[in-house]
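Please construct the entire structure, taking both the sequences and the accompanying hints into account.
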Amino acid sequence: MDRNEKVEFTMEGYQKVLEALNIEGVASSTVANGNSSATVTNDKPAELKAALLAEVAMNFLL
Amino acid sequence: MEQEKAKELLAKRQKMFDDVANFVPQKQTPILENLFKWKFLDTEIEPKPTPWEFLTNWDLMEQVVREHQERYDPDLSCDIGTRNNMNLNVTLGHSQHQMLNKDEGVIQAIDEDRLGSAEALLEVAADPIKYAWTKASKITFPDGLTFGQIEDACKAVDDFNNFAARINQVMNDEYGLPSTVKAVSICPLESPGMYYRGLKNFSLDMRRNPEILDEYNQLMLPGFLKTISDACDAPRGNAVYEDWAVLLIHSIMNRKQFERFMWKGTWQKAFEILAEKGGKALMFVEAGILPIADFLCEVPRGVLTTYYEYGDPFEVHKAIPNMAIAYYPQPYLTYNTPEEAVDMAKKLVEGMGPGYMYATNKMIESYSDQKRENVFAVYNYLRNH
Chain A
6 MDRNEKVEFT
16 MEGYQKVLEA
26 LNIEGVASST
36 VANGNSSATV
46 TNDKPAELKA
56 ALLAEVAMNF
66 LL
Chain B
64 MEQEKAKELL
74 AKRQKMFDDV
84 ANFVPQKQTP
94 ILENLFKWKF
104 LDTEIEPKPT
114 PWEFLTNWDL
124 MEQVVREHQE
134 RYDPDLSCDI
144 GTRNNMNLNV
154 TLGHSQHQML
164 NKDEGVIQAI
174 DEDRLGSAEA
184 LLEVAADPIK
194 YAWTKASKIT
204 FPDGLTFGQI
214 EDACKAVDDF
224 NNFAARINQV
234 MNDEYGLPST
244 VKAVSICPLE
254 SPGMYYRGLK
264 NFSLDMRRNP
274 EILDEYNQLM
284 LPGFLKTISD
294 ACDAPRGNAV
304 YEDWAVLLIH
314 SIMNRKQFER
324 FMWKGTWQKA
334 FEILAEKGGK
344 ALMFVEAGIL
354 PIADFLCEVP
364 RGVLTTYYEY
374 GDPFEVHKAI
384 PNMAIAYYPQ
394 PYLTYNTPEE
404 AVDMAKKLVE
414 GMGPGYMYAT
424 NKMIESYSDQ
434 KRENVFAVYN
444 YLRNH
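Listed in order, the protein sequences are those of chains A and B. Each residue of the first sequence is one higher than the last, beginning at 6 in the numbering used here. Each residue of the second sequence is one higher than the last, beginning at 64 in the numbering used here.
Simulated from the structure, these hints should not be mistaken for lab results. Note that the structure is a prediction, hence the values are computed from the model and not measured. Note that the Cβ used here is the ideal one computed from N, Cα and C, for glycine as well. Hints are not guaranteed to be accurate.
Claimed, not checked - Some chain B residues flagged as far from chain A (calculated, every beta-carbon gap over 10 Å):
id : residue
1  : Lys111
2  : Met149
3  : Ile173
4  : Lys193
5  : Ile230
6  : Ser314
7  : Glu322
8  : Gly341
9  : Glu436
Said to hold, decoys possible - In the EDC-like style, the derived pairs of lysine to aspartate or glutamate whose C-alpha atoms are separated by at most 16 Å in a straight line are:
id : chain 1 : residue 1 : chain 2 : residue 2
10 : B       : Lys100    : B       : Asp142
11 : A       : Lys11     : B       : Asp206
12 : B       : Lys198    : A       : Glu13
13 : B       : Lys193    : A       : Glu10
14 : B       : Lys410    : B       : Glu378
15 : B       : Lys198    : A       : Glu17
16 : B       : Lys263    : B       : Asp206
Listed below in structure tokens is the structure:
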């Protein structure tokens with residue numbers, strides 16, 4: 006995805022963003038989501054990206 | 064500090080806070096700090112970076128957190144550069160404020176509604192991420208967001224989380240500073256009141272749509288209680304408390320509303336779990352606590368330490384004698400002499416007894432909010448009385 010492209014606020018748009026995310030050089034990340042938190046590492050980049058995007062999305066409610 | 068010495072100090076500090084929670088007399092009074100911006104203004108790093116530079120450069124942040132710990136050496140800190148992820152909000156560009164008084168520079172967060180109706184709370188409960196992405200997004204960002212903004216926001220979360228892990232380790236291993244808590248639990252109706260619906264709409268919802276709030280509460284309750292239960296089951300590690308709890312939205316509730324929306328089956332149950340499993344909570348409370356004192360009297364001694372900023376501590380102590388108290392009146396650090404500040408600390412230590420510990424008021428932000436000499440004098444007294 007182009008960085009200047011507007012994202013679509015649909016679940017298809019969410020999936021498209023998730024697939025396009027390029028988060029490199031990450032060692033590990035403890036991601037809080039709602040009331041729970043979990044440590045996700047870059048051994049599992051898909052999980053890490055999903056956790057980060059979920060946290061960003063939850064911030065839309067604040 | 065050598066790693067072995069730091070380990071010993073950390074264990075000593077854990078015990079100090081345990082003793083406060085259990086009202087065990089001790090030779091010194093532990094110090095809990097919660098300073099966000101003040102430490103940036105107090106730094107001797109040259110040339111002096113702006114607060115914003117600290118918030119966007121994690122190496123600088125680590126430098127100032129180390130410098131602050133070396134100078135003041137608190138026993139526990141709610142902010143080792145990790146209280147607020149400002150970069151995330153700036154990247155996304157929301158969380159607006161309004162100027163209330165231009166001459167005095169008074170600003171206030173705008174009371175916003177991200178949902179549009181009380182009914183939407185049930186959609187949030189069903190799938191929070193779906194609701195946030197597909198619906199709240201359109202209210203929060205009417206002009207939309209670009210992929211670049213989302214990618215930068217994810218990076219901001221990742222950077223912040225990595226810094227949090229790194230600085231925690233540094234403070235544990237090199238300074239003997241424990242981690243504050245194992246988990247953070249937010250009571251189900253805090254977020255709808257403080258954020259999702261805004262104070263005004265939530266206040267109306269409690270009167271017009273109480274059944275919806277009850278339903279939301281019930282749907283979110285298992286996750287809330289599980290967080291606390293899991294924290295109690297997890298190894299202690301370097302942490303002091305099992306749970307960091309907050310009481311914020313109670314400030315707009317009357318007693319009946321508090322009992323219905325936040326106590327029965329909610330905090331009441333959470334405290335039961337903590338008591339059964341031998342856990343401890345540090346509960347941060349905004350606004351007054353006396354109107355709900357009789358509910359908190361049900362909590363067994365040893366479970367709850369309340370960190371609060373408003374009210375007469377002696378009155379609170381008398382009303383809720385089972386609850387340990389973390390408190391210090393901030394004006395004594397600003398307007399009084401070091402001697403007067405120490406006298407106040409002495410009055411609290413001697414008057415409150417073993418269930419008392421010092422705590423920084425989190426509203427200390429401007430450099431004039433506390434004077435260095437007062438802080439040194441008070442800390443010196445607390446360590447040596």
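16 Å limit on alpha-carbon distance, applied to hinted pair Lys100 (chain B) and Asp142 (chain B): holds, 10 Å
Do the alpha carbons of Lys198 (chain B) and Glu17 (chain A) lie within 16 Å of each other, as the hint requires? holds, 14 Å
Please verify that the nearest CB of chain A lies beyond 10 Å from Ser314 (chain B)'s CB. Non-interface label on Ser314 (chain B) holds, nearest chain A Cβ at 18 Å vs cutoff 10 Å.
Holds or violated: Lys410 (chain B) with Glu378 (chain B), Cα cutoff 16 Å? holds, 14 Å
For Glu436 (chain B), is the shortest beta carbon distance to chain A beyond 10 Å? holds, 38 Å
Classify the label on Lys193 (chain B) as holds or violated, using whether its beta-carbon is more than 10 Å from each beta-carbon of chain A. Incorrect as stated: the minimum Cβ-Cβ distance to chain A is 6 Å, not above 10 Å.
Between the alpha carbons of Lys198 (chain B) and Glu13 (chain A), is the straight-line distance 16 Å or under? With Cα atoms ~11 Å apart, Lys198 (chain B) and Glu13 (chain A) stay inside 16 Å; holds.
So is Ile230 (chain B) really clear of chain A, every C-beta pair being over 10 Å apart? holds, 12 Å
Given the proposed pairing of Lys263 (chain B) with Asp206 (chain B), does the C-alpha separation stay at or below 16 Å? Measuring from Cα to Cα gives roughly 25 Å; hence the hint is violated.
Would the pair Lys11 (chain A) and Asp206 (chain B) pass a check requiring their Cα atoms to be no farther apart than 16 Å? holds, 9 Å
Has the given pair, Lys193 (chain B) with Glu10 (chain A), been kept, meaning a C-alpha gap of at most 16 Å? Violated - the C-alpha atoms of Glu10 (chain A) and Lys193 (chain B) are around 21 Å apart, more than 16 Å.
Quick check for students: does the CB of Lys111 (chain B) sit more than 10 Å from each CB in chain A? holds, 30 Å
In summary, the numbered hints that this structure violates are 4, 13, 16.
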